[in-house]
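For the protein sequence lines, the chains are A and B, in the order given.
Numbering-wise, the first sequence is residues 256 to 940 according to our numbering.
Numbering-wise, the second sequence is residues 256 to 940 according to our numbering.
By construction, these hints were calculated from the structure, which means they are not laboratory data.
Just so you know, not all the hints are guaranteed correct.
The list treats identical chains as interchangeable, and a pair is accepted whether it falls inside one copy or across any two copies.
Claimed, not checked - Pairs of lysine-lysine residues, derived as DSSO-like cross-links and limited to a Cα-Cα distance of at most 30 angstroms, are as follows:
1. 875 x 332
2. 332 x 482
3. 327 x 449
4. 332 x 810
5. 619 x 644
6. 327 x 810
7. 804 x 332
8. 875 x 387
9. 577 x 659
10. 327 x 482
11. 387 x 810
12. 449 x 482
13. 449 x 810
14. 449 x 332
2 protein chains.
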Amino acid sequence: MHTNIKKKFPLWSIQLQLMLLLVGSANAQSNSGILNLVPWPQEVRTKNQGRLYVDENFTIQLQNQVMSPRIKLATTKFLRRLAGRTGIFIDNGFAQLATTLPNAQMEINYDRQGRLELFEDESYTLEINSQKIRLEASTDIGIVRGIETLLQLLHREEDRFYFPSHQIEDAPRFPWRGLMIDVSRHFYPVQVLKRNLDAMAAFKMNVFHWHLTDDQGFRVDIHSRPKFRELASDGQYYTQEQIREVVAYASDLGIRVVPEIDIPGHATSWLVAYPEMASKDTIYTLERFAGIFDPTLNPIKPITYEILKDVIDELVPLFPDKYFHIGGDENEGKHWNENKEIQRFMKKNNIKDNHEMQAYFNLKVLKMLQNHNKIMMGWDEIMVPSLPKDVVIHSWRGIENMEKAAQSGYKTILSKGYYIDLMHSMQKHYQNDPMGDKHSVLSEEEKKNILGGEATMWSELVTPQTIDSRIWPRTAAIAERLWSAKEIDDYLNMRHRLEPNNQYLEELGITHIRNRDVILRNVTAYQDITSLITLSKVCEPLKAYTRNKGGIEYKSFSPFARFVDACNVDAIDAIGFNTAAKAYSKSKKDTDKQKLLQYLQLWQENNLRMQQLEVTNMLKPLLPLSANLAKTALLLQKQLQNNTISNKEKKDLQQLLQTLKMAVDDIELACLPGLEMLANQLKTN
Amino acid sequence: MHTNIKKKFPLWSIQLQLMLLLVGSANAQSNSGILNLVPWPQEVRTKNQGRLYVDENFTIQLQNQVMSPRIKLATTKFLRRLAGRTGIFIDNGFAQLATTLPNAQMEINYDRQGRLELFEDESYTLEINSQKIRLEASTDIGIVRGIETLLQLLHREEDRFYFPSHQIEDAPRFPWRGLMIDVSRHFYPVQVLKRNLDAMAAFKMNVFHWHLTDDQGFRVDIHSRPKFRELASDGQYYTQEQIREVVAYASDLGIRVVPEIDIPGHATSWLVAYPEMASKDTIYTLERFAGIFDPTLNPIKPITYEILKDVIDELVPLFPDKYFHIGGDENEGKHWNENKEIQRFMKKNNIKDNHEMQAYFNLKVLKMLQNHNKIMMGWDEIMVPSLPKDVVIHSWRGIENMEKAAQSGYKTILSKGYYIDLMHSMQKHYQNDPMGDKHSVLSEEEKKNILGGEATMWSELVTPQTIDSRIWPRTAAIAERLWSAKEIDDYLNMRHRLEPNNQYLEELGITHIRNRDVILRNVTAYQDITSLITLSKVCEPLKAYTRNKGGIEYKSFSPFARFVDACNVDAIDAIGFNTAAKAYSKSKKDTDKQKLLQYLQLWQENNLRMQQLEVTNMLKPLLPLSANLAKTALLLQKQLQNNTISNKEKKDLQQLLQTLKMAVDDIELACLPGLEMLANQLKTN
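Just chain A, same shape as in the assembly (with noise of 0.2 angstroms):
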């Protein structure tokens, strides 16, 4: 349908003021000539200056003969949101026939039912003028993609609300855009992963990567083989009802559902329930902490190969998509080379390391998976020649494997650079494109190989009331990284577009503000919260692997209820501060200045807010943190004032930030550039 869409770059370009941008005004849309669209579309039309206001008579007509069940749905969900946004009480609570109503504000049409499937048109046309809006597509998963786009123009003037008049075509970049969640290291309820299908919807992603088995957890019951529910989940797994739900609603979202088992390494789990799958003869119990571990699964034993098939001729028919994850990573084979038999059998069929016997154990289980007409893919270490090319390889190592996989006539994804549970800042997970940078290796015809991307939640850290703070907004920003043109490249542009998209995920159920206070209620014991919300926007949670040192110091039901889970990577007030800091180094002037002033005295006053709180548990090491940053707000304070400072107050200032730098509780100081890049310019008097 629209085969031939120009990518083409939005005229505008803007010099935005970065707190503005990053406090956000209230609703931006009102504010800005920008259009608030994450991802961008492929291309954008201003028509004229129209406007079509919505009121209580806003209604939609399907112009098809019948509507599908997604278009029932998706249309149904609009006009709740649009209800709920804006207060209006719109009185035709459903999309009509076009028999049924004519004349609707909104008339929507599509072709046929889109299929769950690899390059499957999600395609669309969207076009307002002041009395109507057409939204057109071939596949009703179109439609649902323009659904979002229409909810993320909707603009408000005053009390009022309209759609602004324009012509949009859009289709996405790369066919793979996808979200793994580790429900293994920490399960969560059916719920908790609908509220994330919403929100993957609402940036048009349309993969959901379920790592259903690890060390920690086999989180799905196999009723022929029911130990695993029994002995290797704490209770705590899904029903086969429940996969069937959670597949059905993403469906509904036009979302694909892959599963994936961790096999023959991560697997714990599975030797708790069935120990007579090991390499070694032990005793297994469920893991609790973090890391790579031992446990394998035998590949020379036959009852491995009887369980697997146990395991995948059950979960097959729960997941329709054609694409079936094996894992595979981080096998490191100690007990693989501890086990006499196997190693004899690696002597004996000329198998000559541990890399080639697992290369025989996936195509052992290739071999299940094309039985049942699935097409197996796995983390970059399953790559070997004999696999057929129509496997996908999931790259978490780097490009360079990526590109070794798409150069050998694989398909392949890129998960390395979009580890949101690593907590790095938006920025680096934007400005990484699985294409690479523009010197990139491949030719065109290799490049096709490369299918996307998947932003990885890996769950060691994170629990059911902390999750959409660490996969939202983050993953907005891969969204768009896969959606649109490789050139929409501008991250304050884009973080810009998103505030307001990021806000109104609250409309789904995302906890990722509300929660926030529920922790900090929890951590003062239910005192004023004010003071450690202003210190919450100056700290980050520990980065990389630096939080949970070696894997033990948490074990999977440890509390995840102290102040580092409150905070997140961005912190907005570190963001501000350390930009401000930066201009006033080049260019002096008197504005950043002030702005400097004005979040040094902050700081100085929340201590003192701080300090007259009850003192709880886990606001104890934090009270040192607020303390020190107060003092030395204070010393910057006075050289930036009097512009001079004693030599005394220099080395208290040096010996300040030197405590500052180090990690408290878990967290580290964001502002902490800042403050160094002032104190950095001090004279001394």
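The hints should help you fit chain B onto chain A, whose structure is shown.
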């Protein structure tokens, strides 16, 4: 086991500053000598000053030979909540059998697994000294109850936590302590029900009454009659698997689940699916409004009973509970009157009125239930002499009906006075005793027929986003009324004990606190919500049926996302102000005057802040309210400070009060009584 528990009123008596009480200081538990137990146990003995401190080595040992699934789950949840609330990294995440873990801090012992049936033993004994916690009960349900008491006993001593030395013997006053949730007017996903079941268990409630069908929707999938799902649910229904999931979840908490199908009235949804059951030949569509409607099952057609039998045959296996609720309320019989065949049938069979016609219908349904060995229950209206005496009469119309039922030998439970949807004060519900006042007409024998009561969450004006705030904390007061001794009736004392436990409902996922801010953010389009929070503390939703007049202001899909939906009963600043105004009127004390002046100042400043917001659709109606409150506050402030006011000002004040009396946007100004009280005392200059 505990056959002779003495009822003993706690020895302490309190005089509490209402402000301190309601605003709540940090973890009240740490600041007062009162044990924050709700419901208050039958007997509490303070032994000594011993404290059992909680640290990472805290362990639970079960003295039984095996651990029931209920105990496994209850102890695991307890450990998670204890760790989460304290931030302590408890090393042993699960209770152990005595054989594997001697010398634990906490020992649990029970005689047998509890059965989910009326009059099952829920008693427990909890004994705490500085070395050991001992929790004993006849059944594991008693243990579940006792664990909640223990968690409520958690005290904080600066940054440490401990359980204080006490001996508690406890058992419920009434065996039926329920919460009804109407899932027809609005549908609630499984997770919403689960978290509310957890909250029920936190206050020792033991019956979840599931109102599954009504005019607005038929919410359970009946496989043999798929049109209920297809035509009468808007796609919002529970699968049978989900029903089982909720029933199992409740069972783990020691909560019975009683299903209700409301027939023969309140049955529009039935007739949308199967119009052949109707008393009138017309086209039926799902009801979108609220009220009493005419569509009624046809009591003389065989097909009616065929379909009813199919529904009951499928529901019965899902609900193991002995009781089955058939509704039966508000059948006005209009369509029966209009139906000539029904009229002929009545004449022929000597059925003299619609009430007798309904009795005929009920007896047929009764027969079906008896075939399944179920006991029927229904609302007041079902009571006729022909019913067997084990039927339970659910009284919603008044205590007189209930007494009549009890005198007639029927078992009965009370809901009149527990209609939490009507937004009456917690105090009103708390003081509503199923046994009535002291002058009960019932004999001791008749009193035994009163089994307890149920809070009823009718859901015309309640969504998944707001339901928690409508149920909690008021339902906890009803829970105490039904569990604790009749003499435990000091409202302020209960309110004080409840506050921290109400707050800690957040750890069960209850959204009553967090979602206020979510709604206010939406109302302001993500501007600063501070001023709206302050305003919400003196505003309450309209009470009884004054919101949604005639049932037609709202449709079931209208937005419930406005300011009124963020407001709640017992608005905290209104109570504080009204109380101070009353006290000041009597005694003219300066402390009360200062308190009043603080509020008056607050509302003026708040108005300035609020008028700075960009005006949104949902904000607009609140601005005059805030402005008028501020003007009123200014005049009263002047009067209080100067003890004088001009005639013109007095006239203005009267006019302002008249204006403030009028409902705005479905809210009422709850501090109005205090304002009026002060105004009435004005001297004119």
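**Asked** Any of the earlier hints contradicted here, and which numbers?
**Response** Checked against the structure, no hint fails, so every one of them is satisfied.
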